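Novice: What follows is each chain in one-letter form.
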Amino acid sequence: MSNNPILTMTDIVKDFNGVKALNGVSITVARGEVHAICGENGAGKSTLMKVLSGVYPHGSFDGTIKFEDKEVSYRSINDSEHDGIVIIHQELALSPYLSIAENIFLGNEIQKGGVIDWNKTNSEAVKLLARVGLDENPATKILELGVGKQQLVEIAKALSKRVKLLILDEPTAALNDDDSAHLLDLINHLREQGITSIIISHKLKEIRAIADTVTVIRDGSTIEAFPVEDSDSIETRIIRDMVGRSLDNQFPPRDPHIGGEKFRVEHWNAYHPVDVNRKVVDDASFHVNAGEIVGFAGLMGAGRTELAMSIFGRSYGNSITGKVFKDGVEISTKTVDEAIKNGLAYATEDRKRYGLNLIGSITVNVSAAALGKLAKLGVIDRNREYAVAEDYRKKMNIKTSSVSALTGRLSGGNQQKVVLSKWIYSGPDVLILDEPTRGIDVGAKYEIYGIINELAAQGKAVIVISSELPELIGLADRIYTISEGRITGELSREDATQENLMRYMTAGRTEGASK
Amino acid sequence: MTTTAPEQAGPAASPSEPGKPRRRVRLDLRQYGILAALAVIILLFQVLTGGRLLYPGNVSNLIQQNAYVLILAIGMVIVIIAGHIDLSVGSVVATVGAIAALSMQSWGLPWYIAVILSLVVGAVIGAWQGFWVAFVGIPAFIVTLAGMLVFRGLALVLLTGGTISGLPQEFNAIGSGTLPTAGSPDLVTFAIGIIASLAVVFSQLRTRATLRKLELPRERAVSFWVKIAIAVLAIMYVSYLLAYNRGTPIILLILAALVLIYSFVLNRTVFGRHVYAMGGNLFAAQMSGVKTKWVNFFIFVNMGLLAGLAGVVSTARAGSAVASAGQSFELDAIAAVFIGGAAVQGGVGTVIGAVIGGLVMGVLNQGLSILSVDAAWQQVIKGLVLLLAVAFDVISKRRSGR
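Protein sequences, first through last, are from chains P and Z.
Counting in the numbering used here, the final residue of the first sequence is number 515, and the numbers go up one at a time with none missing.
Counting in the numbering used here, the final residue of the second sequence is number 402, and the numbers go up one at a time with none missing.
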């Protein structure tokens, strides 16, 4: 690692209509290092990267950017890519119906006079895929790949542009542990080839494992930058910098009062909606007691969401069989409407796709699953509806100027609170919360844990599906593990260590299934 | 258009900066922009035609000639909010018109039975298309494109290419008749104008009182009263014009009723809310327990019903049924909806907006005809107006950083 930095951003100030998103951020990235950027949601990480890449053109912000020892003024992404700065966004930007090779060279085609040289395209693609360790035919369509492999295609695409500085925005957010590990290996490997990387991540373990330096941003300002070494004190220091306080207690205290059985599912089976011979849920049976928080742990693709959605109104899957009981009585959950009427609620893992009407106000989203409660003869009592939304705004601490604000304009944490409000207002006895804290900052997480505890304290049966094992261990009274659609283990709070869980989560897997 | 839709889920909620409570409602450009555009267009043609646009007789004509666009636009705005489109309504108008005429001329049914039959036929056609869209899952674009051909063909078959005229007076009155009059100028029309004005004042005051009670942001008293004054003036001016002509067109009452009913349905009922929810995010609506298939089905049944009504109205206006009736009505209705501020992606739109959009189209038609602009150029101008209206919408949305 040579000492002269590849990138220096100094005193970057960017404001939107008088609101300062960045207020004097400075960052120095050494050549050939892996540099982590940490900060809560809304701290300004993404804005900073947009400033760097030219999404916000030169002149729309204050401060200076020096790349490879010369001051740069990018006006568009093309400009920054020309210099070798490539960003890979959290939401991957690949075209699903095009092949791997076509995607890698999209916008950058190997051509002669407008005609694509397919032989060269494919052979170059093969070389690039080898560099990122992806063993796939370049003619494979993107939609046939999992998220992990798509991520690798994105990196291959970046390499094809002769990337010097690779920026990864939450690269492992959607990946399972195997894919994450592979990706981190790859970043290490790229470092050896002299490619500098910036990683934006919430996952402190990863930062500890891979980064050379970390810069922490809070409220649009740089808090500090320091070298990373592999020790617990580093994590504590990053957290303290991010939130401005030390988070000794990531989970609010709770005194569980667990009652009798509330909810039971027996011999549940479901097949894939398109690939109809593939069993995605295989003879799953489980129960949840009143006042109990039950966790579901599993790797990506293990069938957790599929299990939950197939139960909740058969929103997923084919040829579904099995029985559902509430308070010992069999209930039908064949349609979402029936499931809701029978006291079920399912808060989705993908709130933008399945959870919210983003062009609707907070009010209409909160009432969406329980309009029947607010309507007489099909006419909505809008005054009461407003009062309900206002009530939840206060109770859930949704930060907004008014409940008429559009949900699309809220931060992730506040959006999640709207989703939870909607389902709590529907008055369920059984709540299934799928990744309730995904993409949410530390402070909001704590609040959401408090809400979950409160629901359990009211005697509801709460199911939490999460990819973050510490979260499940901190929250749940009991944890089921799922692997390949089967329930492979049931662990009490005492037995649930990350190692134990991981053992059951990978149990019964056929070889190579995790990739 | 007697009331302004109260602030609701769709376009009206003007987004404000988070963190800063805002006591005043910002002027909503999308809603008022269209109204302003209508006013500008009326003024423009009033000047260009040397005052002929607003001759009493022309105003009456304007309403009766464009009633079909307004009726269809009301159904179409619901279809479009839900994220669909209906290309078949023009052909449905022709088919229903044929059946109405046949039922009176050939089958000897009384005119009121013929009207009911027409509406039922419209609804059944809507159910047919709704079935394919909702339960089979074929995109509405395809289903109604097929419907466009099918029902145009059926109209030709029913009328065997000819014309049926000589329809009963009572039937024709639906399209071209007026309410009974009392004196000249007509006092009935003035009375209706006064009642409508009072209704506007009363309903606006009530909405404002509710907002105050809920401590929701209200617009300033000045602009509130100016708005009401303009609305009352407009209503009284129209009734003055109509009173000096032949009195209140029957179709105007039908239109007013439709606007009130459908504004209520969209803003206040569970059904209306489900339409907005599906247009905003279909998956989220499904996962909230909305029976999306049935909602889709009824949206098309309703569209068919209103197309049936438009068929009755335009046949009554013409006094005869021809197979070529309703040609390109669907395009007028769709244009009206988009001029009225509906979003192409769905989820946004209002009945009031669609009706104002329809009036913009109507005034253009009328004004250009009075100026005896060539029909070919009329089309060019209407097309450009549609493009400009939507471009304005898109650009203003981008400005607000959506």
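The set of hints was computed from the structure by calculation and includes no laboratory data.
If you're wondering where the values come from, they're calculated on a predicted model, not measured in any experiment.
Cβ atoms here follow ideal geometry from the backbone N, Cα and C, with glycine treated the same way.
Just so you know, not all the hints are guaranteed correct.
Said to hold, decoys possible - Chain P side only, calculated, beta carbon under 8 Å to chain Z, not exhaustive:
| hint | residue |
| --- | --- |
| 1 | Asn-318 |
| 2 | Gly-322 |
| 3 | Lys-334 |
| 4 | Asp-337 |
| 5 | Thr-348 |
| 6 | Tyr-354 |
| 7 | Gly-355 |
| 8 | Leu-358 |
| 9 | Ala-369 |
| 10 | Arg-382 |
| 11 | Tyr-386 |
| 12 | Ile-451 |
Novice: Does each hint hold? Answer for all of them.
Specialist: Results of checking the hints against the structure:
no.	hint	in the structure
1	Asn-318	16 Å, violated
2	Gly-322	20 Å, violated
3	Lys-334	12 Å, violated
4	Asp-337	4 Å, holds
5	Thr-348	6 Å, holds
6	Tyr-354	5 Å, holds
7	Gly-355	6 Å, holds
8	Leu-358	6 Å, holds
9	Ala-369	4 Å, holds
10	Arg-382	7 Å, holds
11	Tyr-386	6 Å, holds
12	Ile-451	19 Å, violated
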